[in-house]
Amino acid sequence: MEMEPLGKNIKIIERSPFARIARWVLKSPNVAMVLGKSIHLSGVSKENFLQNTPWVAHELIHVRQFQEHGFFKFLWLYLLESMRVGYYQNKYEVEAREAGTKESYLASAQRKKPGSAV
1 MEMEPLGKNI KIIERSPFAR IARWVLKSPN VAMVLGKSIH LSGVSKENFL QNTPWVAHEL
61 IHVRQFQEHG FFKFLWLYLL ESMRVGYYQN KYEVEAREAG TKESYLASAQ RKKPGSAV
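In this text, residue positions in the sequence shown follow full-length UniProt numbering: the first is 1, and each later residue adds one.
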């Protein structure tokens, strides 16, 4: 299966009812969640979300996961994994968190002054 480039045709939906439900379930002040090629936001503006590069990297991993597995298959695999090991140990969440952590490290390293230790 040939995938289109990551980031192409991705929509960002503010004040999403789907993200609002996830926000309630996760008891979080703000949530971004992916459904296919759409990033759904609740409690955060598109502008603030896009300024948080680790968070964007995390959600883009989920977009890729949807592309790799297909919409319904990925939803099914994600739900099964969450039921089996829980949200935080879900391998799809672990992969996305690692991408966000890596992006956070790279962003902080770029902000260091020239000649300082990284």
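Calculated directly from the structure, the hints in this document are not laboratory data. A few of these clues could be false.
Straight-line C-alpha distance at most 16 Å; calculated EDC-like pairs for lysine to aspartate or glutamate [claimed, not checked]:
1. Lys11 x Glu47
2. Lys37 x Glu68
3. Lys8 x Glu68
4. Lys91 x Glu81
5. Lys46 x Glu14
Do the hints match the structure? See the list:
1. Lys11 x Glu47: 13 Å, holds
2. Lys37 x Glu68: Given that 16 Å is the threshold and the Cα spacing comes to 12 Å, the pair holds.
3. Lys8 x Glu68: 15 Å, holds
4. Lys91 x Glu81: 7 Å, holds
5. Lys46 x Glu14: 6 Å, holds
The structure shown violates none of the earlier numbered hints.
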